[in-house]
Amino acid sequence: MGLSFRAKLVVIVGTAAAALVVLIAASAAISNRTERELATIQESHLPKLRLGPQLQAEFERLKRALQDAVAARDAEAVNATRAIMETFLKDLDAAGAAVTPGQAAALRSAMDDYYAAALDVSRRLVADETGERLVDAMSAMQAKQARAADLLAAVTAFNPNDLAMAFTAARRAEVNGGHVRLIVSLVCLTGLVLLSGWIGRGVVRSLGEVTVGLRRFGGGDFDQPIPIARGDDELADLARQANQMAESLKRLAQARDRNDWIRDARVGLSQEMRGELEPMELAGRAVSFLARHLGAPAGALYYADGHRELELLGQYGGTPPEVGAPARFRIGEGLVGQAALVEGITVVKDPPTDYLRIRSGVGEGAPKAIVLVPLRQLGRARGVLELALFNSWSAPAEEVLTAVQENLVIALEVALARVSTRKLLAETQRQAEQLAQQEEELRATNEELETQQEELRQTNQELTEQAKELEEQRRTLEQNNSELVDARQRLEQKAAELSTVSAYKSQFLANMSHELRTPLNSMLLLSNLLAENEAGNLTDKQTEFAKTIHTAGKDLLVLINQVLDLAKIEAGKRDVNVAPIPIRQVADHAARIFTPLAEEKGLRLVVEVAPDVPAVVNTDGQQLEQIVRNLLGNAIKFTAGGEVALRVTRPDPRARFRRADLRREDALAFAVSDTGLGIAAGDLERIFAPFEQLDGSIDRRYGGTGLGLSISREIAALLGGELQVESTPGRGSTFRLYLPLTLDLSEAAPRPPAAPSFAPTAETPSPAPAAAPDLPDQSSTTPSNTAWESSESLLIIEDDRGFAEAFADVVRKQGLECLMAFDGQTGLRLAREQRPMGIVLDVRLPDTDGWRVMEELRFDSATARIPVHFVSAVDSAGRGLALGAVGYLTKPASRGDILRVVESLARRTADGAGRVLVVEDDAVTGDSVVKRLAGEKMEVHRAMDAGQAMQALERLRFGCMVLDLSLPDMDGLELLERLRARHGADMPSVLIYTARALTRAETKALEAHAEAVVLKDGASADRLVDEVRLFTRRLQEGRRTRSVNAPRFRPSALNLSGKRILVVDDDMRTVYALSATLRAKGVEVLVADTGQAALDLLRQRTDVEAVLMDIMMPEMDGFEAMRRIRKEARHRALPIVALTAKVMKGDPEKCIEAGATDYLPKPIDGDRLLAMLNGLLADKAGGDA
Amino acid sequence: MSRSRANAAFSLLVFVLVFVYGAAVGTRVASGAEGFRVIVNLDNPMSSMDRRFLADVYLKKATRWPSDEAIRPVDLGPGSPARRTFSDEVLKRSVAAVKSYWQQKVFSGQGVPPPELDSDSEVVRFVLKNPGAVGYVSSSGNVAGVKIVAVR
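One line per chain: the protein sequences are A and B, in this order. All the letters of the first sequence, read from the start, carry residue numbers 0 to 1184 under numbering that gives the first Met the number 0. All the letters of the second sequence, read from the start, carry residue numbers 0 to 151 under numbering that gives the first Met the number 0.
What the hints contain is simulated information worked out from the structure, not anything from laboratory work. No false leads were mixed into what you were given.
Computed cross-link-like contacts, BS3-like style, restricted to lysine-lysine with a CA-CA straight-line distance of at most 30 Å: (1) K104/B x K143/A; (2) K600/A x K636/A; (3) K143/A x K128/B; (4) K60/B x K143/A.
Sample of chain A residues with no beta-carbon within 10 Å of chain B, all distances over it, derived: (5) A15; (6) A105; (7) N160; (8) E496; (9) D848; (10) S1056.
Bear in mind the structure is a predicted one, so any value in this text is a computation, not a measurement. Heads up, the beta-carbon is just placed ideally off N, CA and C, and yes, glycines get one too.
Let's have the full structure, built from the sequences with the hints guiding it.
So this is what it looks like as structure tokens:
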């Protein structure tokens, strides 16, 4: 069969596919038949199974519904049965193939008949119809019902045989189909197997033949080809291709042999030419090798010698010497010369037999061919290789020559180049020698350069030395600088010395006042004692004398105070505080003060303010009031009847001023006129001179020192104004005080005081100590004199150690201990453990910030009360104060700043608990008192009237209340009554501070309430402060003040009889006076004239119950004596009353610090002393019990 | 004397008792104002019939006379007092129960009730007309032309 292999495959696959199609078609036909049988079952028999019961059920439901409707006699329900009927009909319609259309129609009409009849009967039954016709209708209905039921049964009748038959048919169809499928499959399979076997046999045989042939080729036998199988199929083709491949392989083997030969030639030549050969030898070897390899009997090699001539370099073979090869050719000359110019190999075939004969031992012959190979390098003719061949010229030989040509040229060139290189080497050696010589010269130059470098280094050294000199000069400058600093320090020291001198001066004045007051003290005490005449052995006349002595002594005391006052003004020590003063207020105040006194004397007091007077005057209000008070006091004093007037006006145009800087248009006149004695024109000037009064007798009649006007005039001058007087004897006098509207301190006051302005209230304490107008207080401006308690400490929380040290230095100089913490936690710990009196707190700290530390301090009850002063490089004063700091210092800070901080902290603590309420309606006086008290390290609150005062007392507890009797809303006395009723024992001690001249009745009333009555005038401010301080401290020490206060005004009730009291004083007059006072009360008085004597005496006697200790004593002063007494355990509780001359600020504190239980100022008020002693001894008795 | 008076009282008591009993029996068997009388066609040989049989006839459980004649019972209307009495005493069922019984029968196709006639005269006419008929009328009704049968 001539079919191709592909055709055979197509036949097999095609047959298989056809068999498959037949199979599928048969299966489909069988399945279709089975499907039809099953569909019949599904569509016809199964619905019938379901439909029958369904329709029967609905039929039953219909009947039941009708019956129920009739039973219920409900026409509506009867009608509602139509729904069931419709459902029935719908289901019947849906039955589809299960019911034949004929059957369905018959059933439908039967049902319709029945339903119509049933409806009719039902309605008639519901309508209660009776009778035979109804019964007939019922019967008819039942007939129709029976028919419908029959039809329904027929329709839904289900014959199980039908179903069984249908299933049987389906099964039979399936079985038959299976048989057909099996037979068809078997037939197709058999056919396929036969076909495959027949085709496969031919293929296997052909493949066998091809395999045998290929194995042969593999063995290298290409000669016998594979027999081509009959037929033209793919296997025959394969055999043909294999034969062709064998051909190709055979050709390739031959080519390989030839290439091997060529390669051998190249390799052999290379080996021949290896080594450093001279050109001649190289050429000889090359020619002989090539000749041998190609089988040439003779050969020669010509090579260019650099010119246009070719030189014979080597030859081979039997060239007869007589013939010989010519040694040279010119290029282009002869056959050799020509060959050199040609690209390819020149072959001369079959040269004439006499051209060349080659002879060997066995014979001779002519070569068959002469071959001339040009040797070219880069297209340039370099030489020619000539070979004579016995063999004929062949392609392999040509290839060999072509192949070796290049190598030969290169080798020859290399050899030639080597020759020339050798020549060049000699040349190079010569040049190297020259180079060495030049190098030597270079070295010499280098040495020169080094020398220059050395010189440069020396220059550099010189420069360094100059820099050192400069450094030294700088150091000198620094030294100068430090000397300057030293000089400044010396200057500062000088300044301190100066202030010390000033302090000495103050001390002198104080001492003088002491010296004056001490004898006066005795005089007052003794005269008072005499006047009391308790012994009853004095005549009335003598008693009167004693009283006169007492009065005169008191006048003398006033005089001394005024002298000091005057001296102070003249020395420029009086401070002027300028503030806007409402004129109306000054006038009203004056009126309020003097009206009671004027009325008592039967005088009319007129106070007027002219309408063109401005509302305020800028001046020192307190001083202005002092002048007005002096003038009015004088006027009232010297006027027997008529009126006294204060008129505030613009200056009269006729007024003339002695001061050049006082101008009428800028001035104000306070005129005080009276209808008194008047002054003669000649005496007008004299009255201003100190100690002058118009008539000596007036002194006796009216009392007074005559210093008032002098002081007033001095003050007027101090305020930049002047005091003038005009008077007509017998008709009265007019004193006019002219003041500038605005007091300019820089012009008006020759020595303006350098006191800084005060903070308005004590809540924000002024950093500077109060510069009080009193003489002794001048010393307080020197901080070193401030008495701190050395046991107390300040805490500095600050990470800047330099600043902290500076701070600590100041603190220690103040006699305080200083604690330092460099971070917040340490600070907090120290604050809790040490309870410092104040804390200086930096805002920025390494571990936390100052705000946080502040909050923690405030949170801890142990540290909450410690005043804190912030220090920071950034200004956040508002936040600091909001947290409750007492102040805020911005860095950098001067020493003065630091000092102020320390003082403010120390002051805060010393009297922190001492709270004072100042009740004063007059702004000027109130401010002044507040300032004075604030300067005394007290917490001062201010009330403008009685209402505010009561509110303040409701809110806070006060140690002391300073009260002005003249209040706008309530009389001072009435306020006291109310407070007494409201607060009782909790009421603070009350100090009456008033300018009002008190009537006798008022004095009596007040004595029932107040601790002390203090009159308002410049000099009494000291006493006010002393009293306040005394009260507040007593409160702090928890002493029962009432026991001291209560008996004060009932001296007769005291029982000091039998007490032993030691009086220590070097001034025997005082001793005598005190002794007399005390002995009069039955006290046993012991006396010691020095501190040492007192100590000795106390050591001897154990029954001393109290000590009165003078402070200013020679040898050992009172402070030292008290300290020593306190050192002995049994005297710890001994009451000691210190007696001071009431001169130095801070003395009371010093006394208490030294160990005094209490203190009394000199001159000593006998009543007060007795009251105090009584209180102390009563305390002691209570304590002992 | 007292003895004769006691006898008289006893006699009176007996009389009263007898009278009351007699009245009661008359009401039940013969007829009172609300009583009924069962009637049949004159051709019907029966002169009395069992109550149970009569009940079966009216509930159509018995459909043939002993002579194999079809029985045709007839009722009075449901409002009639005789019907009520008949229903209670013969059928031993209330009128409503009977009605319900028949409604069930009617709608299930199992039979129809006896016709209900509105008056005694109609019943009498029905019985006259139908030889197999049986009916009842109120005791006061005119029964001329039909035969009254006793119910045992």
